[in-house]
Amino acid sequence: MGKIEDLKVINGEGYQLSTLEKVIASARANSMWPLPFATSCCGIEYMATMGSNYDLARFGMERMSFSPRQADLLIVAGTISKKLGPVLRQVYEQMAEPKWVLSVGACASSGGIFDTYSVLQGIDRVIPVDVYVPGCPPRPEQIIDGIMKIHDMARNEPLRRRYSDEYKALLNQYNIEGHE
Amino acid sequence: MSKQLTNEYVSELLTKEFGEAVLTVENPYGLLTVEISPSKIHEVISWLKSHTELAVSYLTNLGTVHYPESTGREIAVVYHLHSLVNNFRIRLKAFLPIENPEIKSIVDLYAGANWMERETYDFYGVQFIGHPNLVRILNEDSMDYFPMRKEYHLEDATREDKDDRFFGR
Amino acid sequence: MSNLKNTNAKSLFPNQVELDNMDGEIATLNLGPTHPATHGIFQNVLKVDGEKILSSEQTVGYIHRAFEKLAERRPYNQITPITDRLNYCSSPINNMGWHMTVEKLIGTELPKRVEYMRVIIMELARIADHLVCNSVIGVDTGALTGFTYVFQEREKIYELYEEVCGARLTTNVGRIGGFERDFSPEFHRKLKDFLRTFPKVFNEFDSLLSRNRIFMDRTIGAGPISGERALEYSFSGPNLRAAGVDYDVRVMNPYSSYEDFDFIIPVGTQGDTYDRFQVRQEEIRQSLRIIEQAYNNLPEGSYKGDVPDFYLPPKEDVYNNMEALIYHFKIVMGETDVPKGEVYHAVEGGNGELGYYLISDGGRSPYRLQFRRPCFIYYQAYPEMITGQNISDAVLTLSSLNVIAGELDA
Chain A
562 MGKIEDLKVI NGEGYQLSTL EKVIASARAN SMWPLPFATS CCGIEYMATM GSNYDLARFG
622 MERMSFSPRQ ADLLIVAGTI SKKLGPVLRQ VYEQMAEPKW VLSVGACASS GGIFDTYSVL
682 QGIDRVIPVD VYVPGCPPRP EQIIDGIMKI HDMARNEPLR RRYSDEYKAL LNQYNIEGHE
Chain B
10 MSKQLTNEYV SELLTKEFGE AVLTVENPYG LLTVEISPSK IHEVISWLKS HTELAVSYLT
70 NLGTVHYPES TGREIAVVYH LHSLVNNFRI RLKAFLPIEN PEIKSIVDLY AGANWMERET
130 YDFYGVQFIG HPNLVRILNE DSMDYFPMRK EYHLEDATRE DKDDRFFGR
Chain C
19 MSNLKNTNAK SLFPNQVELD NMDGEIATLN LGPTHPATHG IFQNVLKVDG EKILSSEQTV
79 GYIHRAFEKL AERRPYNQIT PITDRLNYCS SPINNMGWHM TVEKLIGTEL PKRVEYMRVI
139 IMELARIADH LVCNSVIGVD TGALTGFTYV FQEREKIYEL YEEVCGARLT TNVGRIGGFE
199 RDFSPEFHRK LKDFLRTFPK VFNEFDSLLS RNRIFMDRTI GAGPISGERA LEYSFSGPNL
259 RAAGVDYDVR VMNPYSSYED FDFIIPVGTQ GDTYDRFQVR QEEIRQSLRI IEQAYNNLPE
319 GSYKGDVPDF YLPPKEDVYN NMEALIYHFK IVMGETDVPK GEVYHAVEGG NGELGYYLIS
379 DGGRSPYRLQ FRRPCFIYYQ AYPEMITGQN ISDAVLTLSS LNVIAGELDA
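First to last, the protein sequences are chains A, B and C. Letter 51 of the first sequence, counting from 1, is numbered 612 in this note's numbering, and no numbers are missing. Letter 23 of the second sequence, counting from 1, is numbered 32 in this note's numbering, and no numbers are missing. Letter 76 of the third sequence, counting from 1, is numbered 94 in this note's numbering, and no numbers are missing.
Only chain A is shown next, with the shape it has when bound in the complex (with noise of 0.2 Å):
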């Protein structure tokens, strides 16, 4: 599995020292559990992304939690329309913290070149989400990038970040209850 990066270790028979919250967010980032919302063509390639080629499990991400309530990443891949949005949004809200969400291409980050009257023009209207992946859609290499670029977030949140005021304004923003 992957080395617990940035830690400060002090090695000796039987024991290592570091800080829960690095042993923490270092666990979180190697094995996050994605859950695929996988609407269209994007979801194609992440089916690809998942595939031998590229093999996701490298990282980690061997187990797609196709239940939201043990997911820890909502990848959101595809177009999503007006009518799937509270479908999203309910499946967001049914996951755990801690949550992230990758928006994978551009329908999904923006509505791509469907700018019509039944999609919804990015799922930022619906949902925080913590990384965009450009494309029409995305390579794997570009949706695995995407996908480091989260762990690298999971790597480094501060334990507190979800008890947060700001985080809790982030979601009262998308009328979303946060944790007690």
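No wet-lab data here; the hints were simulated from the structure. Only a predicted model underlies this, so the values are computations on that prediction, with no experimental measurement involved. C-beta atoms are modelled at their ideal positions from N, C-alpha and C, and glycine is treated no differently. Among the hints, a few may not be true.
To be verified - Computed far set for chain B versus chain A, every beta-carbon distance over 10 Å:
(1) 33
(2) 34
(3) 37
(4) 50
(5) 61
(6) 105
(7) 148
(8) 149
(9) 159
(10) 162
(11) 163
(12) 165
To be verified - In silico DSSO-like cross-links for lysine-lysine, where the CA-CA straight-line distance does not exceed 30 Å:
(13) C:348 to B:159
(14) C:333 to C:348
(15) C:348 to B:58
(16) B:159 to C:333
Knowing the structure of chain A, use the given hints to seat chains B and C on it.
Chains B and C alone, transformed into the frame defined by chain A:
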């Protein structure tokens, strides 16, 4: 394999059977296109299906076109049918007024017409009489207009994040 | 099929079990819209008695993107990217189907070489499409190995696309009137390599599943439909052929020189999941045959036809030649003249008869463009196919129908 059907032969048969109901006959790009008066469309499709020689028994497509300029016949319902036995395609049209776009459903003849008619209703508001469940299919139920009609914009009218000037409009 | 003559609306779902007569608890199960087993965004509300499905109600339209309205605003050559996103597993077929539709409208003849090149790309796309579908059927029966195995080969097809057009999935390949460029030497090398290595890998994949006892037990008899009902529902493509009807647009209405090639149309008998799987497997083999024939007999000639109104001139000419500059400007601004008329053109897409009903009023964009989307049409038969089946069969039926949300919802 029976002999190859020709457009002239089929249109002759149709005219002979339905007379007045066959309004115009054209052959754009080799595809027999017959305009039928809307009240007879169900009868014609049914006749084509049960006709032993023609055997036009495959519904390829059902669509609608909106012509806002032609008063009284704004909505054209277009049926593409295919005789798999004779490999013969035919296109039927029926023009309806926009105030009251009503036409008889062909779901009883073709089960596959169910969703095609729902889609047509969803996009253009064509009322298919006798359809078992004529509700919106692709759009949200709360939508209060028929988006494919020419007078409606492609873009969402309520959006505020995109500046039309930057999109060449 | 005695109830075919019955014309009242209730007879549309003849297998529907009367709920009142059932014993035991009836549960409502929500399959979708975001369910791992649905491979796309559709909702099915199932009424189940234990494992047995009594009825099903579908909701679609979750990724409705208004393709047809969008197409009314775009110049002809800019509609190709929209067609990419119909059935995105086999985009090149959609692209070329659209190009052929416009070519039919403007009435142009293309060199034989273009048609053969198109056939090669389209059949590669069919292989890619069927590989996704069949490997996913395997995944749904619990056999993940096949999926990871054939996806490596599918990547090779993507590499071939990249050699032709630069893109992997949404290819936007070719132009109205031909190709942007001839096949590159690298393409020739990779295609030969693919034709050499693929059959072996494919046969291994086939032997993993085709005669696998578990796979057979799971798929035989799952989600059957008779040929008559399939025709009633306007099925087309592999799903119709699995039900025993040998309708293939490539043979019935040959386009792009398909009449030159020798291939067979596989048909099934039961119309169940296993037959659909086998029909697709055999179609992959036939596609390979077609590619080999087309590649070995690739005629000499130009890779583009003579349609200056639609085909962008070479860049050097644009800089040095007044006429080329004018054409370039007209094409890019979408100001080319097209004849008035209405055209229906169908190609055999990955899922069946993919039709383009185009009405032109001579303007810069189509007056109306309707896509005949095979998925949308045959997915409505799904409740009838799964009624009386187990839930696990319903999942398999869905994946073997190869319902692609992009094509379904337009």
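Subject >> Earlier hints that do not hold, by number >> reply: Structure breaks hints 7, 8, 10, 11, 12, 15, 16.
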